[in-house]
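The chain contents come next:
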Amino acid sequence: MTGLAPDKEPFGWRGLLLPLGAVAGLAGVVLALVFLADSQASANVAAWFYDLIGNPEEAALLRAGTGNRLLAKVIIMVVALAVGVGGIWMIYTGFNVLVERLGDPWTRRLVPWVFVGPCLLLLTVFLVWPAISTVLLSFGVEVRLIPPSVEVVSGAGLSDWEWGLFNSQNHQIYWNNVIWLVVGTAGSVGLGLVIAWLFDRVRRESLAKTFVFLPMAISLVGASVIWRFVYAWRPGGSSQYGLLNGIWTSLGGEPVAWIQTPPLNTYLMIVILIWLQTGFAMVVLSAAIKGVPVEITEAASLDGASERQKFFSIIVPMIRGSLITVTITVAIFVLKIFDIVYVTTGGNFDSDVVANQMYLQMFQFLNNGRGSVLAVVLFVAVLPLMILNVRQMRRQGIR
Amino acid sequence: MAAQPGVGDLSNAKRRSAFWSRAPVRFAVIAVCFLWFLPTMGLLVTSVRDPQDITQTGWWVALFNLFDMSQWTLQNYANVITADGMATAFVNSLIVAIPATVIPITVAAFAAYAFAWMNFPLRRTLFIIVVGLLVVPLQMALIPVLQVYSATGIAGTFLGVWLAHTGFGLPLAVFLLYNFISQLPDDLFETASIDGATHFQMFTRVVLPLSVPALAAFAIFQFMWVWNDLLVALVFLGPQENVAVATVKLTQLVGNRGEQWHVLTAAAFVSMVLPLLVFLALQRYFIRGILAGSVKG
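If you're matching them up, the sequences are chains D and F in order. For what it's worth, the numbering used here labels the leading residue of the first sequence as 1, then goes sequentially. For what it's worth, the numbering used here labels the leading residue of the second sequence as 1, then goes sequentially.
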């Protein structure tokens, strides 16, 4: 381990320059953050650049908030990447240098906090405090950090919860989530299992897997566009360019407006999810199936077990652990489903789900109280699954 | 790769019958692959068709006379990239996704190192709390965080969305990196500390280089997650032209131009192309990441 010894000269030039550099670096990060937080700043820098090369018209346009913003875009990209990637390292290095100059015992006491401090701070600001605040807000107590204030929303109290639990429109939403949960999870995991088992017996297995796995790389928005096109509908008489209606009409059916037809539309959106998630289930279960000792399946074959029997009596029980993990993971994902519904139906035609309704309450109806209620509902629904999941993960991972 | 045990020592007749007994399986495999690819193929084919043709006939019709080159065009792509602003959205996605990958990994790696190899008060308790935060769905955080963002003026800035992605991704990142870093051999740390190395030197010169496989697996996963995310970008960055990322832009196009499929298919493909390339190039690491449990709950 040579080359790891720290610099031991107490009065060398590094002794002075390092802390100064650290302070300067930290100041630079702060400056760059201020620059980024100001949406007009990059345009101003671009305008200054245009002034420099003698093009005041363009500079004036940029300052007014219009004009060719490409240069501004490039500038903000360079600053953003430098700050985002370099800045985070600057912060850690800078604080570490400063703390190391304090000398023991302070160095020994403080260095761990340089390492975990940013993580704990971010988690407090982005998860711990917001979760508490959301629960309070759902009961009509609005706590704000900036500026600090506590306000009891007039007339709220339990009324948002009353709306959340007893409104019949919400019952439809919860019911839809249940359908998503059951059909989506069972579909993805079941198909993933069958496909993993099927693909295990052909030579070009990894190529075949790529086809099923590829949708994992596609965003839910992109997938929704792909499938909206499959489900596209035109009135009877005109040519059907949607694949489903193309097949349907060629079989003699009347064209169907699939995504406007409840309750069919919910199931068709679940198909999008299954198309995306099956690949995930397949990969995990395929690895598990390969872990089943060949001797066992061969012995079963010698005893005259059919493929079906081997599948249900040997493979499925032996990969039970993986099956449970995959099912929980997919179930959590499905419960929080937002993008597919938001893009495909927008929650119309009786197809709304909790996460989409929560978004609508936040931004369309500007009702944070009701939005909070739905967030808490989601939290309560996910909680038992997540606890199971963390337990399962801990069993595999942490010593 | 599935092994084919014992095929070599069979006679010709037996081999032939083995071929036919395997035919249903092969057919099923090909059918599944075809079925899974079909929707994407529709998108790709349509995106290079003439807008007039798209509404006249189904995309599968174009495949019947594949070599009639007059029906193919790249004009749809030229249009969405320039007029519809997909190029700006693409750059915005990059500005969001790269730091939103590097920042959480850096923060999580430092924290995971401290939890695994440093002594400080409440270490165990804090670690359990951090991992316990996995149970909080990000919906719980949207409203309060947005209020803080609006009050401080970082709503709608890239910094805001980086920090949000970092905060939401941290519990899982810390958990996974801890699992890896805590498994490194003890002697490594003993030797180095005898040599007088500081924790910072140990971390940057020993632990990070050794953790590259774990870091890479999580990096790919986080990058894809951020690039494909809609909700966080929609809430904290918003739909304005100068900040809208590719998924948000595509969602807008669906709203405004819902039946103009020449626009939607090309725009969708532009938004998908980078994650698809990353995925195809680094598939192995991606799968490793999934098997290691780096799955967003």
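Treat each hint with caution, since some may be false.
[Unchecked claim] Under 8 Å between C-beta atoms, here's a sample of chain F residues computed to sit facing chain D:
| hint | residue |
| --- | --- |
| 1 | Tyr113 |
| 2 | Phe115 |
| 3 | Ala151 |
| 4 | Ala155 |
| 5 | Thr157 |
| 6 | Phe223 |
| 7 | Leu276 |
[Claimed, not checked] In silico negatives: residues of chain F with every beta carbon more than 10 Å from chain D:
| hint | residue |
| --- | --- |
| 8 | Leu74 |
| 9 | Asn119 |
| 10 | Pro209 |
[As the list claims (entries may be wrong)] Partner residues are not named here, just some residues of chain F that face chain D (Cβ under 10 Å, in silico):
| hint | residue |
| --- | --- |
| 11 | Leu43 |
| 12 | Ile54 |
| 13 | Val212 |
| 14 | Pro213 |
| 15 | Ala216 |
| 16 | Ile290 |
Honestly, the hints are just simulated from the structure, not real lab data. Here the structure is a predicted model, which is why all the values come from computation and not from measurement. Idealized CB from N, CA, C, for every residue including glycine.
To see whether the hints hold, each was checked on the structure:
no.: 1; hint: Tyr113; verdict: 6 Å, holds
no.: 2; hint: Phe115; verdict: 7 Å, holds
no.: 3; hint: Ala151; verdict: 4 Å, holds
no.: 4; hint: Ala155; verdict: 10 Å, violated
no.: 5; hint: Thr157; verdict: 5 Å, holds
no.: 6; hint: Phe223; verdict: 11 Å, violated
no.: 7; hint: Leu276; verdict: 5 Å, holds
no.: 8; hint: Leu74; verdict: 19 Å, holds
no.: 9; hint: Asn119; verdict: 7 Å, violated
no.: 10; hint: Pro209; verdict: 13 Å, holds
no.: 11; hint: Leu43; verdict: 5 Å, holds
no.: 12; hint: Ile54; verdict: 6 Å, holds
no.: 13; hint: Val212; verdict: 16 Å, violated
no.: 14; hint: Pro213; verdict: 16 Å, violated
no.: 15; hint: Ala216; verdict: 16 Å, violated
no.: 16; hint: Ile290; verdict: 6 Å, holds
Checked against the numbered hints given earlier, this structure breaks hints 4, 6, 9, 13, 14 and 15; the rest are met.
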